[in-house]
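Asker: Chains S and D, in that order, give the protein sequences. This note's numbering numbers the first residue of the first sequence as 1 and each following residue consecutively. This note's numbering numbers the first residue of the second sequence as 1 and each following residue consecutively.
These aren't lab readings, by the way, just hints derived from the structure by calculation. Keep in mind the model is a prediction, meaning the values are calculated, not measured. Idealized CB from N, CA, C, for every residue including glycine. Mixed in with the good hints there might be a few duds.
What the hints assert, rightly or not - Listed next, the stretches of chain D that the computed footprint assigns to chain S, with coverage defined by at least 3 CB atoms under 8 Å from CB atoms of chain S:
(1) 4-15
(2) 84-98
(3) 173-185
(4) 218-230
(5) 364-373
(6) 392-400
(7) 438-451
Unchecked claim - Taking lysine to any residue and the SDA-like style, the derived pairs with C-alpha atoms no more than 20 Å apart in a straight line are:
(8) S:LYS11 with D:PHE182
(9) S:LYS59 with D:ILE38
(10) D:LYS437 with D:PHE182
(11) S:LYS91 with D:PHE7
(12) S:LYS46 with D:PHE7
(13) S:LYS111 with S:LYS59
(14) D:LYS437 with S:HIS7
(15) S:LYS111 with D:PRO217
(16) S:LYS176 with S:ASN224
(17) S:LYS169 with S:LEU116
(18) S:LYS92 with D:ALA453
(19) S:LYS46 with D:VAL11
(20) D:LYS437 with S:ASN10
(21) S:LYS108 with D:SER211
(22) S:LYS59 with D:PHE7
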Amino acid sequence: MGDDRLHLFNKILTVILIVFLTSFALLFILLPDQAFSETENRMLQKKPAFSWDNLISGKFGSAVENYVADQFAYRDMWVSLKSAAELILQKKDNNGVYFGREGYLLQKPGKLDAALLAENIDAVNRFAANIPAKVYFLLAPSSVQVLADKLPHFVAPHPVNDQYISTKKLLSPKIKFIDTGPALAAHRQEYIYYKTDHHWTTRGAYYAYREAGPLLDYKPLDINDFTIEQVSSDFYGTLHAKSGHRFILPDVVQLFKPKRNFSCRVEYVNEKKTDQSLYAKEHLLQKDKYAVFLDGNHALVRINVQNQTGRRLLVVKDSYANCLLPFFANHYDEMHVIDLRHFNTSLQGYVKQYGLNEILFVYNALSFAGYPAIRKILPKS
Amino acid sequence: MVFSSLFFLFVFLPLILLIYFLVPYRLRNFILFIGSLIFYAWGEPLYIFLMFFSIVINFAFGLLIEGHRNNKKITRPALFFVVVINAGLLGFFKYYDFILQIVNNLQGTSFTGLDLPLPIGISFYTFQALSYIVDVYRGKATAQRNFMAFGTYIALFPQLIAGPIIRYQTISAQLVQRKEGFASFGTGVWRFVAGLGKKVLLANNIGLLWSQIQHIPPLELTTCTAWLGIIAFALQIYLDFSGYSDMAVGLGQMFGFTFPENFNYPYISQNITEFWRRWHISLGTWFREYVYIPLGGNRSGKALLYRNLFIVWFLTGLWHGASWNFVCWGLYYGFILALEKAFLLKWLHGAPRFVRHFYTILLILFGWVLFAFDHLPAGFQFIQALLGINNSGFFDRQTLYYFYTQAALIFISIWASVPYIKNLHQKLLKKSATCYKLAAVLACLLILIFSTAYLVDTTYNPFLYFRF
Numbered sequence: 001m002g003d004d005r006l007h008l009f010n011k012i013l014t015v016i017l018i019v020f021l022t023s024f025a026l027l028f029i030l031l032p033d034q035a036f037s038e039t040e041n042r043m044l045q046k047k048p049a050f051s052w053d054n055l056i057s058g059k060f061g062s063a064v065e066n067y068v069a070d071q072f073a074y075r076d077m078w079v080s081l082k083s084a085a086e087l088i089l090q091k092k093d094n095n096g097v098y099f100g101r102e103g104y105l106l107q108k109p110g111k112l113d114a115a116l117l118a119e120n121i122d123a124v125n126r127f128a129a130n131i132p133a134k135v136y137f138l139l140a141p142s143s144v145q146v147l148a149d150k151l152p153h154f155v156a157p158h159p160v161n162d163q164y165i166s167t168k169k170l171l172s173p174k175i176k177f178i179d180t181g182p183a184l185a186a187h188r189q190e191y192i193y194y195k196t197d198h199h200w201t202t203r204g205a206y207y208a209y210r211e212a213g214p215l216l217d218y219k220p221l222d223i224n225d226f227t228i229e230q231v232s233s234d235f236y237g238t239l240h241a242k243s244g245h246r247f248i249l250p251d252v253v254q255l256f257k258p259k260r261n262f263s264c265r266v267e268y269v270n271e272k273k274t275d276q277s278l279y280a281k282e283h284l285l286q287k288d289k290y291a292v293f294l295d296g297n298h299a300l301v302r303i304n305v306q307n308q309t310g311r312r313l314l315v316v317k318d319s320y321a322n323c324l325l326p327f328f329a330n331h332y333d334e335m336h337v338i339d340l341r342h343f344n345t346s347l348q349g350y351v352k353q354y355g356l357n358e359i360l361f362v363y364n365a366l367s368f369a370g371y372p373a374i375r376k377i378l379p380k381s
Numbered sequence: 001m002v003f004s005s006l007f008f009l010f011v012f013l014p015l016i017l018l019i020y021f022l023v024p025y026r027l028r029n030f031i032l033f034i035g036s037l038i039f040y041a042w043g044e045p046l047y048i049f050l051m052f053f054s055i056v057i058n059f060a061f062g063l064l065i066e067g068h069r070n071n072k073k074i075t076r077p078a079l080f081f082v083v084v085i086n087a088g089l090l091g092f093f094k095y096y097d098f099i100l101q102i103v104n105n106l107q108g109t110s111f112t113g114l115d116l117p118l119p120i121g122i123s124f125y126t127f128q129a130l131s132y133i134v135d136v137y138r139g140k141a142t143a144q145r146n147f148m149a150f151g152t153y154i155a156l157f158p159q160l161i162a163g164p165i166i167r168y169q170t171i172s173a174q175l176v177q178r179k180e181g182f183a184s185f186g187t188g189v190w191r192f193v194a195g196l197g198k199k200v201l202l203a204n205n206i207g208l209l210w211s212q213i214q215h216i217p218p219l220e221l222t223t224c225t226a227w228l229g230i231i232a233f234a235l236q237i238y239l240d241f242s243g244y245s246d247m248a249v250g251l252g253q254m255f256g257f258t259f260p261e262n263f264n265y266p267y268i269s270q271n272i273t274e275f276w277r278r279w280h281i282s283l284g285t286w287f288r289e290y291v292y293i294p295l296g297g298n299r300s301g302k303a304l305l306y307r308n309l310f311i312v313w314f315l316t317g318l319w320h321g322a323s324w325n326f327v328c329w330g331l332y333y334g335f336i337l338a339l340e341k342a343f344l345l346k347w348l349h350g351a352p353r354f355v356r357h358f359y360t361i362l363l364i365l366f367g368w369v370l371f372a373f374d375h376l377p378a379g380f381q382f383i384q385a386l387l388g389i390n391n392s393g394f395f396d397r398q399t400l401y402y403f404y405t406q407a408a409l410i411f412i413s414i415w416a417s418v419p420y421i422k423n424l425h426q427k428l429l430k431k432s433a434t435c436y437k438l439a440a441v442l443a444c445l446l447i448l449i450f451s452t453a454y455l456v457d458t459t460y461n462p463f464l465y466f467r468f
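Construct the entire structure; sequences and hints are all you get.
Answerer: So, in structure tokens, the structure goes:
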């Protein structure tokens, strides 16, 4: 009797393994391959082509393994299941992202490369020394610095704050430093950083813009001078993708549009494209909704606005500037926006050619510290 | 190919099971042999020829020795020759660069190494081949006349990559005749799934904790973090290795084999002698059978006993990798075992159970430090942190963070490393309660499902070109 039951038990186990393995193997064969993963924002491995060379080198084998994993039936569901298991086990970070409190994902700062940071600051200082223009520097802190109270319990403090302060100190006196850290910290109870993305929100950028007014010499508009338009309520940003955390609410994307009459002309120079709006709304239907601001990153963008102030500004920036620039557009007639990662001609030459006399650097503190392209601002020696 | 990959689980395994059980009985070894070659060639297409060469040579010499059994003038040189070939292959592919480096250090020369990738499983299948030749020479086994059966023995994919090292005499009968069926298949499934869970769900994840702690600069490493790290490593290496052995044993059972056990809950040991009877049993048995006893074991006086211990543990250490830290690790155990043989076991005998256990675990953990750092000075710095003499404090926020976020995983891992579940399983199984069996089936299914989820996630790799 007991033996019979044991026999049945073994039969059931046998059937379970066989059915489980073959049914997912069949689903894998039957379901059509997906070319692209929306959540991961990458092309998935296609069926690898066989060749003897690939077989001998072992490439074929690993391509097939990736193919099976990438095209595994209901891939996103499995990823969510793993995420659930990790949450139950109280895991608080994954893949360089902290699972913070109140639904915040926060970027885990990498190890500081002090030499690279010093080199970057030195590059900016030398550039500023050789240019007959006013130079400003706006360092945008990351959410992990401003919202440190949202980090999980016991996370060892990372010296992001010291890093921010030492960057400020090491910049030469010729460069006017726009210190947005305290202003943002004062508003940290508000929605100033995305919960699922590493950028600041439009509201966060607004406080930086307000703080920059006295130094840049314009009178910032009051928050009531804007109509706040919510253009998306299902934005899942980079930190969401990177963390693999699947149980978190999406972010909201807002545009702050001035109530007064406003018209502009935006020219994407390398792309030979012009637009009448600072916002590229087609991105709201895609994964990276932050690209709604000035269509994401471009080598060179020129923005013309009829403000009759006669002021012209060169902005050297990373993506943190994208949602800040629409605010500046209320005070400058002309803005030249350069992203050094894509801009490959001489910056000094450009400044001379256009006779620009105000230059503003806008960088995120974490990315500025680890960003080798900055030395491109110096003439090649 | 490894067991813990989706390709193995959802493509290779169902296919080979299907074909294996469809073909007539006499073709089953052929299927296993071909399947094993494909399994091996998957990641190492060229080294398959090396393994094939090893199979042919050992097969031929087995027959040669058997054919001239009574003529020592032939069998002795033949044995010597084939042992040298086997050891030579292992030595060349595994230790060539290491030996060159030693020569360079001693002579001040600067030969450059070959930097060959290590042929997967060579340490395991070479030892199996050696056991075959020696067993045949000693007359403990008759030579295998069927090439397919011999090839299956050497290349058998369930134990090809990470053991257990199966001595020929323990499996020779099963190579010719074995009984597959639901009973052994079902037991095999349970065993395989348990091993899969140990490897994919526990070992891989607790390994992440160790790799974080391992890379903390030694001067920033607090005492508690260091202890947490080495405990994580101890759990990782046990769950990884024994999980892999479980999968091997389970797969063997599905195909009707009974493999010897490789681990028997080593962390419950009361002394180091016992630990080595419970840890990597097949390797210990191999060295005892083919090195220690032929050298005279403990039967030829005190001095020779210690010499033999030294040789065996030097080789055991070296077998684990071509690096000095493994040699040190082996000799460390040789030294402790010598002490235990001399007097320590007697002393320990009178001590309370928890003292014995504490003594054993402590020595094992220090041993793992030697094992984990292939750069010896880094290992010593880590030991300083364990002892709290590197002046970086007893614990800090990071320690608390690791503990807070990993406590559940550590707890489950410890639970999986002691016999508690097994005992419970057997007790309840004997009672034959239907609901328990349902629970066991459910557990099996859940482990399969979660392991699949973790494996799918390993290629999870979001491309963040919109990062900045």
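Asker: Count residues of the segment 364-373 of chain D with a Cβ under 8 Å from any Cβ of chain S, then say if the count reaches three.
Answerer: This one is violated; 0 residues, fewer than the three required, reach chain S with a Cβ under 8 Å.
Asker: Would you say the segment 218-230 of chain D counts as covered by chain S, given the rule of at least 3 residues with C-beta under 8 Å?
Answerer: violated (count 0)
Asker: So if I understand the rule, the pair passes when the alpha-carbon distance is 20 Å or less; does S:LYS11 with D:PHE182 pass?
Answerer: Distance of about 6 Å is within 20 Å: holds.
Asker: Just to be careful, I want the Cα atoms of S:LYS59 and D:ILE38 compared with a cutoff of 20 Å; is the pair within it?
Answerer: holds, 15 Å
Asker: Has the given pair, S:LYS59 with D:PHE7, been kept, meaning a C-alpha gap of at most 20 Å?
Answerer: holds, 15 Å
Asker: Go check the segment 84-98 of chain D versus chain S for me, would you? Three or more residues, Cβ under 8 Å, otherwise it fails.
Answerer: Not satisfied, violated; 0 residues make the cut.
Asker: Do the alpha carbons of S:LYS108 and D:SER211 lie within 20 Å of each other, as the hint requires?
Answerer: Distance ~17 Å between S:LYS108 and D:SER211 Cα, so the pair holds.
Asker: Quickly compare the C-alpha distance for S:LYS46 and D:PHE7 to 20 Å and report which way the hint goes.
Answerer: Between S:LYS46 and D:PHE7 the Cα gap is close to 15 Å, so the pair holds against 20 Å.
Asker: According to a criterion of three or more residues whose C-beta lies within less than 8 Å of a C-beta of chain S, is the segment 392-400 of chain D covered?
Answerer: holds (count 4)
Asker: Does S:HIS7 sit within 20 Å of D:LYS437, going by the straight-line distance between their CA atoms?
Answerer: holds, 11 Å
Asker: Are S:LYS111 and D:PRO217 close enough, with their CA atoms no more than 20 Å apart?
Answerer: Satisfied, since the Cα-Cα distance of roughly 12 Å is no more than 20 Å.
Asker: So if I understand the rule, the pair passes when the alpha-carbon distance is 20 Å or less; does S:LYS91 with D:PHE7 pass?
Answerer: With Cα atoms ~28 Å apart, S:LYS91 and D:PHE7 exceed 20 Å; violated.
Comparing the model with each numbered hint stated earlier shows that hints 2, 4, 5, 11, 13, 16 do not hold.
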